Structure formats: C-alpha cells, structure tokens
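K.L.:
Each chain, written out:
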Amino acid sequence: MVLSADDKNNIKGAWGKIGGHGAEYGAEALERMFVTYPTTKTYFPHFDVSHGSAQVKAHGAKVADALAKAASHLDDLPGTLSSLSDLHAHELRVDPVNFKLLSHCLLVTLANHHPADFTPAMHASLDKFLGLVTSALASKYR
Amino acid sequence: MVHFTADEKAAITSIWDKVDLEKVGGETLGRLLIVYPWTQRFFDKFGNLSSATAIMGNPRIRAHGKKVLTSLGLAVQNMDNLKETFAHLSELHCDKLHVDPENFKLLGNMLVIVLSSHLGKEFTVEVQAAWQKLVAAVANALSLKYH
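Line by line, the protein sequences give chains A and B. For the first sequence, my numbering assigns the number 1 to the initial residue and increments by one for each residue that follows. For the second sequence, my numbering assigns the number 1001 to the initial residue and increments by one for each residue that follows.
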C-alpha cells in the first residue's frame, strides 16, 4: 500500500481543515470506540471512560498530535512513528486489531464534522493513511 | 441470536426514516468500490467504474445500492429474527454470487460512515454503537448459510 501524490495532498489538506479541532476529534473517536467496541476498554482499566472524561480528552489530544505529526511526515512514516512503534510493541502490547477499530471511529468522526470535505477520494486517502500508521505501529510486534 | 435492547432498537429506528435509500445506498456502495477497489470484482458487468467520479455517477451502482439498502430495511423491521430474514439472501451470496463474507463487514462499516456524514449531530455515540451492532448482526446472518 503506497500513498500517491494525490493521497498526500488529500491528507495534508485534511489536517488543514481539522485545524485546532484535533484533540476534540481524537477524544470523540476514542469515546465512539469505547462505546461501540467495549473490548477496547480492557486497555484502559485505569481510565474514567465516561462521557466528558478528562483522561479521555487528554488521551484524544495525544492521539491527534501523533497523527498530525505523521501527516506532516508522510515520506517517512516508519521513522516518524518509530518510538510509538516501540511503545506499542514492548510496553502497551495493544492487539493490532484494535488499531482498525480506532481508525474506523476516526473516519466516522471526521465524516461527521466535515461531510462536505469528506469526499470519496479524501475518504480513500485517509483510510490508506490510517492503514499505514497502523502498520508502522504494529511493525515491531514480533 | 443477537439481542437488541429497547434503547438500541429506538436508536436504530430513530434515524431510519430519514434515510433516502437510493442516495445513501448508492453512496455507500460507491464508496465501497472506491475505498476498497478490490470489491469491484463483483461488479464487472456494471459499466464504467474507471474513476471515483464514474463510480459515484454510475446509475447501475446507484440502483444496486438502493437494492442493498432496501434489504437492510428488512433488518430494521426484523431485528429479533435476522437469521430467518436473511436465510435466502445468505444462500444467494454463497451459491450464486460467491461473495466472501468479509465484504459484508466492509459494507456495514461503510454504511456507518455514510450515515455519520449525512446525519451529523444526530449520529451520536449511542446511535453509532446500535447501528454497528445491527450491521455486524446482518453480516453474520448473511454468512450463516455458507458452506
């Protein structure tokens, strides 16, 4: 799976539109994931996952920042995400199936807030981007 | 058998009346073919699929999307009886259409995304969760007659 020039433009464009809402969308995606896929909560026993939780808000911001960084380094995702790959592989050990669940909820959130910009082509580019981020995160698992 | 709570049923039916079957069905199927191009394998005879614009403007894809979403309407009306409701369609998808059930999951998730983009604030966390449960249950029901 490779990002075309159009994909890269779409992804950069998406982050432009997201602007300062990254943290808000990150938190919403996490909340959607926790409610829709309750098994994902097993990785957050130490969190208050209820609606409006400060911990979820903070974690959403973290996720959003990491994705924003990835979006501005599309030519070297493995390098950019290297320390997060280490973290997920050796410490967090989140089963990779969960990255797909969060990716899906991120797309639901973006479609929800930016329907006009979420064209099929943009949707495809973002899906690919999240797939590549997922691969990078899972790359050191074994 | 999947059990839907009263709240889940209400969340599901609350938005169904607002869904334009042709518009949402056509968009859902079109996006499936664009985002996951390998799914085009089932639609060789459907005419021009050469670009995203061609796919989204293809009247046969739109009509087929409407057909698929109409069947989903059957699910909304028969949430307590999905197995029987989809038995015949399950046989059809296995024996005649030869569709890998993985595709039902892809389409279900695509529908959720399209609903989210159309409904905005109404597509709350709870509504999404109920709809994900429904599309997963339909995907499962459609796979039951596979052999």
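Keep in mind that the hints were calculated from the coordinates and are not lab data. Hints are supplied without guarantee of correctness; some may be wrong.
What the hints assert, rightly or not - Some but not every residue of chain A turned toward chain B, in silico, with C-beta under 8 Å:
(1) Thr-36
(2) Leu-84
(3) Asp-86
(4) His-88
(5) Glu-91
(6) Leu-130
Claimed, not checked - Straight-line alpha carbon distances no greater than 20 Å define the calculated SDA-like cross-link-like pairs of lysine to any residue that follow:
(7) B:Lys-1121 <-> A:Ile-18
(8) B:Lys-1145 <-> B:Asn-1078
(9) A:Lys-100 <-> B:Ala-1139
(10) B:Lys-1133 <-> A:Leu-101
(11) B:Lys-1105 <-> A:Ala-124
(12) B:Lys-1105 <-> A:Val-35
(13) A:Lys-128 <-> B:Lys-1145
(14) B:Lys-1121 <-> A:Lys-100
(15) B:Lys-1121 <-> A:Lys-128
(16) A:Lys-100 <-> B:Pro-1101
(17) B:Lys-1133 <-> A:Ser-103
(18) B:Lys-1121 <-> A:His-113
(19) A:Lys-128 <-> B:Ser-1051
(20) B:Lys-1009 <-> A:Val-35
(21) A:Lys-100 <-> B:Tyr-1036
(22) A:Lys-128 <-> B:Lys-1009
Bear in mind the structure is a predicted one, so any value in this text is a computation, not a measurement. We put the CB at the ideal spot given by N, CA and C, even for glycine.
K.L.:
All hints are to be evaluated individually against the structure, with a verdict given for each.
P.N.:
Taking the hints in turn, this is what the structure says about them:
no., hint, in the structure
1, Thr-36, "4 Å, holds"
2, Leu-84, "25 Å, violated"
3, Asp-86, "30 Å, violated"
4, His-88, "23 Å, violated"
5, Glu-91, "29 Å, violated"
6, Leu-130, "11 Å, violated"
7, B:Lys-1121 <-> A:Ile-18, "17 Å, holds"
8, B:Lys-1145 <-> B:Asn-1078, "18 Å, holds"
9, A:Lys-100 <-> B:Ala-1139, "18 Å, holds"
10, B:Lys-1133 <-> A:Leu-101, "14 Å, holds"
11, B:Lys-1105 <-> A:Ala-124, "17 Å, holds"
12, B:Lys-1105 <-> A:Val-35, "18 Å, holds"
13, A:Lys-128 <-> B:Lys-1145, "32 Å, violated"
14, B:Lys-1121 <-> A:Lys-100, "24 Å, violated"
15, B:Lys-1121 <-> A:Lys-128, "26 Å, violated"
16, A:Lys-100 <-> B:Pro-1101, "18 Å, holds"
17, B:Lys-1133 <-> A:Ser-103, "17 Å, holds"
18, B:Lys-1121 <-> A:His-113, "8 Å, holds"
19, A:Lys-128 <-> B:Ser-1051, "17 Å, holds"
20, B:Lys-1009 <-> A:Val-35, "16 Å, holds"
21, A:Lys-100 <-> B:Tyr-1036, "15 Å, holds"
22, A:Lys-128 <-> B:Lys-1009, "33 Å, violated"
When held up to the earlier numbered hints, the structure conflicts with 2, 3, 4, 5, 6, 13, 14, 15 and 22 and fits the remainder.
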